[in-house]
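Visitor: Residue numbers (my numbering), protein chains in the order written: chain A, 15 to 140; chain B, 8 to 603.
The set of hints was computed from the structure by calculation and includes no laboratory data. Please note that the accuracy of each hint is not assured.
[Stated by the list, open to error] Just so you have them, the derived chain B footprint on chain A, three or more residues with Cβ under 8 Å:
id	stretch
1	18-31
2	72-79
[Stated by the list, open to error] Straight-line C-alpha distance at most 25 Å; calculated BS3-like pairs for lysine-lysine:
id	chain 1	residue 1	chain 2	residue 2
3	B	363	B	569
4	B	422	B	363
5	B	504	B	419
6	B	419	A	106
7	A	106	B	373
8	B	373	B	441
Being a predicted model, the structure only gives us computed values, none of them experimental. A virtual CB, placed ideally from N, CA and C, is assigned to each residue, including glycine.
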Amino acid sequence: MTRLLIVEDNEMNRDMLCRRLARRGYEVLVACDGIEGIEVARNQQPDLILMDLSLPEMDGWTATRILKSETSTRHIPVLALTAHAMETDREKALAAGCDAFDTKPVEIGRLIEIMNRLLTRSEIGQ
Amino acid sequence: MTAPRSRRERPESLLTRVITSSLVLAGVSISVLTIAFLIAIGAAFETQLRLRARSLADFVASQSEFAMLVGDRVELENIATTVLAGEDVLTVSLTDASGQRLAGAERQATQSGGSERRFETRRDVMPPNSQGLMDWQSAKNHPAKLGTVRITLSMKKQDALFARTVSLGLVAAGLSVAALLSVQYFRLRRLLQPLKRLTAFTTEVGAQNLMRKAPVARLDEVGQLAVAFNRMLEDLAATTVSRDYVDNIIRSMGESLLVVDNTGSIRTANQAALSLLGYREGELIGKPAQLILDGPPPGTCRGLGASYRTGNGALIPVLLSASAMLGESGSVEGEVWLAQDMTEHKRFERELIQAKEDAEQANRTKSLFLANMSHELRTPLNAIIGYSEMLQEDCRDRGIDGLEPDLANIEKAGKILLFLINDVLDISKVEAGKMDLCLETFDVAALLQEVMRTAAPLARKNRNRIRVACPADIGEIYADPTRLSQSLLNLISNACKFTENGVVTVEASRSSEDGIQVSVRDTGIGISPEQLGQLFQSFTQADPSTTRKYGGTGLGLVLSRKLCRMMGGDISVESTVGSGSSFTVHIPRPSREAAS
């Protein structure tokens, strides 16, 4: 079973996304801020991380940079999810090391498409 | 003392000089005439005397003939005494042929007076002929002369007469000279009178009375001089009056005017310049122009931003125009500086710049606010849309009936809100200059097909039919496909919104300048001419009531036009109230620079 980590501070969005993805058969881990996200990623080794960028304690860009700098977590693909829809936000996210980018509100079909692409790539990589 | 004065006065006394020369001329000519006359008179007197003496001698000779012949001495003495009775006879002597004295008489010396001039005549006495007359032809036949008569006449009377004649002549000459001169004097005086008046008039004109006219008495030389003088006066008055006019203009003008000569000194400063620079009349004349100009000499310039320095050292921004001042010969005599006080203007400019910066700052703040707001709005929207989708899935999975349409409405409303937020965000991006286009070459027909697939559900809503006309070979274009689709969808969405049970026609074609144009025509309510004017303004729909009836914010049209303009194109509109509208998107073929 594919294990996902959702790092999201907004409780409703986290809960909604969790339940919709769980319904589609994913094992879902959650974290509420950047620091917790890094911790869970290190310990639980998820297959994919869905990373919100505006987070308390540590924002998503910094967390992604840290994850991508550590050998234990470097291989995990990070999909940035943000309500910042500006073009520069995408570039900023990719520059921080995110592997893909999608905007909120989440369109579940589109999101799963991107997730599948990342997972396939990461399996080939391994 | 006298000599210099007479020398100084000499040019004035033309009269004296003319009279003097007339006097000399008349004196010489009258003297010559008088002398000639006297010589003639003297000669006449002498001739007269000679004739008298001869006739007297002839008379004595004829009286003495017989007495001499007979030798009657007493008779001869009588004759001599008788002759001597003549008033001017001084001596009478009768001699015989041999020269012996026969008789004689002599006037007393006391009687005769001093040493008067004498005239002596001699006459031979010849023996009488038969006729009693002297016959020179027969004289040879007769014995020689009987004797000789000698008479001496006094010239005293003639001399006295001559002297009287001379005096009379001189007096006459003198009188005529005097008469001539007085006539000459008065005539000359009369002739010179206008000249004198002209001289007085000239002095008057010299005292700045240019409007007077010189009197013209006669059209002689002096009269012509006066006429010429008047003409000159008119010209002078004309130029003087025009100079006054120009002076008046310079004094009255609002701009400050300075004339700077070739040495850089100020020669003229008008009233405006003095009050601008804070100097009194005449204080600037002759001063170097660098005193009042802050910075290097401007040279010839037009509308140059410069600074003048006032008398108390303050700098005044001015708009300076300097031009070369040419003399009559065409040589540069200096420069004319015309300056306008820009203090107020500069203040306005500063305020304007400040206002512009404030406005730009406000706009940036607005864009930032919109960006933040859109983020804050998206987060709850994300939940609304997500939960309603999820609940619909739950209903389907668990077979719960009746809830799904309501949940679908929540989801739809959320998505409309999301589109609006996207439009607001896009407009704020365009206005902040942060909208980036992703330009690429793509097939127009394919893009249109994709757009129509998305638009089909929109058309169905108001039971509209949608028609597409696009040549299959319309070809490719270089633009941002996402933004072009967005613009076209906006137009189609609007057409469907404002049309019910009608037809929406989307027609694409190649435009003349090798771009494309896509028109979206509807058979809807149309737009009035007044409403057309405000159509492309943010948050403006044609009529506020349409907002209530049809919804929407009017942002779509504004954004579509902004996007098309960013691609070098535009959106034009034609509409008739009641019969429909036609919006046309023009996308030109981009220029080489824009394409690269």
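Visitor: Now, for every hint given, state plainly whether the structure supports it.
Guide: Hints, verified against the model:
Using a Cβ-Cβ cut-off of 8 Å, 5 residues of the stretch 18-31 of chain A lie near chain B, which meets the minimum of three, so the contact claim holds. With 0 residues carrying a beta carbon less than 8 Å from a beta carbon of chain B, the stretch 72-79 of chain A misses the three-residue requirement, and the given coverage is violated. Under the criterion of a C-alpha separation no larger than 25 Å, the hint pairing residue 363(B) with residue 569(B) is consistent with the structure, at around 22 Å. Among the hinted pairs, residue 422(B) with residue 363(B) is inconsistent with the structure: their alpha-carbon atoms are about 37 Å apart, more than 25 Å.
Proximity of residue 504(B) to residue 419(B) is assessed by CA-CA distance (about 16 Å); at most 25 Å being required, the pair is judged to hold. The hinted pair formed by residue 419(B) and residue 106(A) fails the criterion: a straight-line CA distance of about 31 Å is larger than 25 Å. For the given pair, residue 106(A) sits about 22 Å from residue 373(B) by alpha-carbon distance, which is consistent with the 25 Å threshold. As the CA atoms of residue 373(B) and residue 441(B) are separated by approximately 13 Å, the hinted pair is consistent with the 25 Å bound.
Going through the hint list in order, the structure does not satisfy hints 2, 4, 6.
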